[in-house]
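There are 2 protein chains.
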Amino acid sequence: MATKAQKFRLALVQCLPGSNKVKNLQRAAEMVREAASNGAQVVSLPECFNSPYGTRYFPEYCEPVPDGDSTRMLSELAKETKTYLIGGSIPEKYQDKIYNTCSVFGPDGNQLALYRKLHLFDIDVPGKIKFTESDVLSPGQTPQTFDTEWCKFGLGICYDARFPELAGLYRNRGCKVLVYPGAFNMTTGPAHWELLARARSVDCQVYTAFCSVARDESATYVAWGHSLIVSPW
Amino acid sequence: MATKAQKFRLALVQCLPGSNKVKNLQRAAEMVREAASNGAQVVSLPECFNSPYGTRYFPEYCEPVPDGDSTRMLSELAKETKTYLIGGSIPEKYQDKIYNTCSVFGPDGNQLALYRKLHLFDIDVPGKIKFTESDVLSPGQTPQTFDTEWCKFGLGICYDARFPELAGLYRNRGCKVLVYPGAFNMTTGPAHWELLARARSVDCQVYTAFCSVARDESATYVAWGHSLIVSPW
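Line by line, the protein sequences are chains A and B.
The first sequence finishes on residue 233 if you use UniProt numbering, and the numbering steps up by one all the way, no holes.
The second sequence finishes on residue 233 if you use UniProt numbering, and the numbering steps up by one all the way, no holes.
Calculated from the structure, these hints are not laboratory results.
All the pointers check out, no bait thrown in.
Here are the simulated lysine-lysine pairs, DSBU-like style, with alpha carbons at most 35 Å apart: (1) B/128 / A/152; (2) B/7 / A/130; (3) A/130 / B/152; (4) A/176 / A/97; (5) B/128 / A/7; (6) B/130 / A/152; (7) B/21 / B/97; (8) A/176 / B/128; (9) B/176 / A/128; (10) A/176 / B/176; (11) B/130 / A/7; (12) B/176 / A/130; (13) B/7 / A/128; (14) A/97 / A/152; (15) B/128 / B/21; (16) B/152 / A/128; (17) B/130 / A/176; (18) A/176 / A/79; (19) A/97 / A/79; (20) A/23 / A/79; (21) B/7 / B/152; (22) A/7 / A/152.
According to the in silico footprint, chain A covers these stretches of chain B (three or more CB under 8 Å from chain A): (23) 161-171; (24) 194-204.
Remember, it's a predicted structure, so these values are computed and weren't measured experimentally.
For each residue, glycine too, the CB sits at the ideal point set by N, CA and C.
One chain only, chain A, in its complex shape:
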């Protein structure tokens, strides 16, 4: 649309979820409002922004989408701040399964996308980290994009970024920005976080945003942090 500005401001909210879900939602909302008040038109939250990250927590913190507290909050917050709000992810209860799920809401509060993490994070680096999302979570089945007045966006969550095929699929569908809410750790973070963001951008000639939770050295899963946005060149 030639009359629309081609530039927009994307903010990544690097919040620090703790064990109190109500406080997690409040803090996320405060930070989204702050981003919007600074001119952000698209805002992303990180992976598991309403819960500590860990297989032991997912059954306790999971909710239905869009009829749970976290997703209702996102819808209202998008409308209040007039932003496109990429709701990081939350553990989603659906039928008898739990998914790692990202919901996106438009400035009118309507849901634009529901994306369930495709590539579950099952890793065993001897002596460093062992983590098996598939013990508790089920994988999604479907890539998801959404449209804004500026461009089309593609969605992934964390370990999804390890797979160039998903990014290439989004590129082929015309996406100009790929957003991956994530929570890499102190082993995979220094090894691959920046590398993968840059690789996806250069390979696909798109902008890539990795939005992480903040680092909490006292957590059972210590996140790398370092949220970043990479240009295509």
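Start from chain A and add chain B according to the hints.
Just chain B now, with coordinates in the frame of chain A:
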């Protein structure tokens, strides 16, 4: 083959081709012999090891393959040194076209592969570098692998490394090592050389070798150098 050692030594020859083709071949041969005498069992030369790199040079330096001086030298040298010799690339004259072509020879001197660069390097970074391989070269049509007693190898040349699809195809065919003779420049080198080698390795869980010509500040095309081998992790 369980009785064979799984480890082998791969050497990258970062030679400095000048305008004298005979000297280029002699120098490349000396360095391959040196690598073999130091235990290398697989040796790669860089892109355009027999010629300066540049569209003006390709018509002058091109040769038939395998019946030209450069390819004959490679065959004899592989046999002499008992190495798998990945002949970087040379401008190849075939029918009425010129290709950027890599030939591979086994320790018995027999040709194992002929690979013609698939993705021609047409680039225009305003104020930095403009280069159009397709002014003179024709693109190849076919990925190429070759087998050794250790594993299967996949071949690309330089800009081919920008395309994860080719690396993914080789991964799917069972390659454990990807070798890209290359000649990135002073713009694309610092931006993408190491990034792409690491990305191809992590994406495909293979070893990736980028073998560059050395840097010659007086050349019309100044190469980045920095030959490297990257592990899958």
